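Q: Each protein sequence line maps, in turn, to chains U and F. Per the working numbering, the very first residue in the first sequence carries number 110; after that it's consecutive. Per the working numbering, the very first residue in the second sequence carries number 3; after that it's consecutive.
What the hints contain is simulated information worked out from the structure, not anything from laboratory work. These numbers come from a predicted model, not from an experiment. Using N, Cα and C, we set each Cβ at its ideal position, and we do this for glycine too. Any given hint could be a false lead.
[Said to hold, decoys possible] Pairwise CB distance ranges (calculated):
1) S75/F <-> S135/U: 31 to 39 Å
2) Q43/F <-> S177/U: 20 to 28 Å
3) S137/U <-> T117/F: 34 to 42 Å
4) Q19/F <-> G167/U: 46 to 54 Å
5) R175/U <-> L62/F: 22 to 30 Å
6) S135/U <-> E54/F: 29 to 37 Å
7) R17/F <-> R175/U: 43 to 51 Å
8) G74/F <-> P123/U: 43 to 51 Å
9) K73/F <-> A176/U: 44 to 52 Å
10) R175/U <-> D65/F: 35 to 43 Å
11) A126/U <-> T78/F: 41 to 49 Å
This is what each chain is made of:
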Amino acid sequence: RKEVEQDPGPFNVPEGATVAFNCTYSNSASQSFFWYRQDCRKEPKLLMSVYSSGNEDGRFTAQLNRASQYISLLIRDSKLSDSATYLCVVLGEYSSASKIIFGSGTRLSIRP
Amino acid sequence: DTGVSQNPRHKITKRGQNVTFRCDPISEHNRLYWYRQTLGQGPEFLTYFQNEAQLEKSRLLSDRFSAERPKGSFSTLEIQRTEQGDSAMYLCASSLSYTAESTDTQYFGPGTRLTVL
Numbered sequence: 110r111k112e113v114e115q116d117p118g119p120f121n122v123p124e125g126a127t128v129a130f131n132c133t134y135s136n137s138a139s140q141s142f143f144w145y146r147q148d149c150r151k152e153p154k155l156l157m158s159v160y161s162s163g164n165e166d167g168r169f170t171a172q173l174n175r176a177s178q179y180i181s182l183l184i185r186d187s188k189l190s191d192s193a194t195y196l197c198v199v200l201g202e203y204s205s206a207s208k209i210i211f212g213s214g215t216r217l218s219i220r221p
Numbered sequence: 003d004t005g006v007s008q009n010p011r012h013k014i015t016k017r018g019q020n021v022t023f024r025c026d027p028i029s030e031h032n033r034l035y036w037y038r039q040t041l042g043q044g045p046e047f048l049t050y051f052q053n054e055a056q057l058e059k060s061r062l063l064s065d066r067f068s069a070e071r072p073k074g075s076f077s078t079l080e081i082q083r084t085e086q087g088d089s090a091m092y093l094c095a096s097s098l099s100y101t102a103e104s105t106d107t108q109y110f111g112p113g114t115r116l117t118v119l
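Whole structure, please, built from the sequences with the hints as guidance.
A: Rendered as structure tokens:
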């Protein structure tokens, strides 16, 4: 089993729709969680950190479920510009960079 | 532009040749990371520097790979005797961390795309 797993998609949704995807992790001791966005042939860029209590940034909401060991990303009122690959990142241990694990990404395509 | 920069952006080489990539992090950042990314996969950690000290290396980093950050600023990643399997995007990221326990935000450079023929 991979340490961090994501549904590769693609998720193809109409503009204005709400879309959500999850990311599961295997290490129950994982400390920190992030969502990154990566456009085609571009570098990953931090979208948001994921806090235990859940957090929201505009149209984006991130949740953490430690009991079931997954994080989620919800995008409301999706825009064409949201089309990208969304990478979840799990940090297994503080101070251990080798424990920074990226998922393979979920591709999202927003159609007009 | 004060972001992370990488050079070259693209490199095509023949199998067996040596290649070197450079990363210039954001100037005040003390941590620098190297990752490798292949198509359809997320970035895989290769190695990491805190200032000039190389603190961790992945098992993915074979003896043919070496990285340096001599003055705690820019870093180089060298691949000796390249193989076709080395073809990938090599990403550099930097961050500013105050403590060993901090979970810092990493800022990525545009990457160097290596093609080994």
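Q: Indicate, hint by hint, whether the structure satisfies it.
A: Now for the hints, and whether the structure bears them out:
no.: 1; hint: S75/F <-> S135/U: 31 to 39 Å; in the structure: holds (36 Å)
no.: 2; hint: Q43/F <-> S177/U: 20 to 28 Å; in the structure: holds (25 Å)
no.: 3; hint: S137/U <-> T117/F: 34 to 42 Å; in the structure: holds (40 Å)
no.: 4; hint: Q19/F <-> G167/U: 46 to 54 Å; in the structure: holds (47 Å)
no.: 5; hint: R175/U <-> L62/F: 22 to 30 Å; in the structure: holds (29 Å)
no.: 6; hint: S135/U <-> E54/F: 29 to 37 Å; in the structure: holds (34 Å)
no.: 7; hint: R17/F <-> R175/U: 43 to 51 Å; in the structure: holds (46 Å)
no.: 8; hint: G74/F <-> P123/U: 43 to 51 Å; in the structure: holds (49 Å)
no.: 9; hint: K73/F <-> A176/U: 44 to 52 Å; in the structure: holds (46 Å)
no.: 10; hint: R175/U <-> D65/F: 35 to 43 Å; in the structure: holds (39 Å)
no.: 11; hint: A126/U <-> T78/F: 41 to 49 Å; in the structure: holds (45 Å)
Of the numbered hints given earlier, the model fails none.
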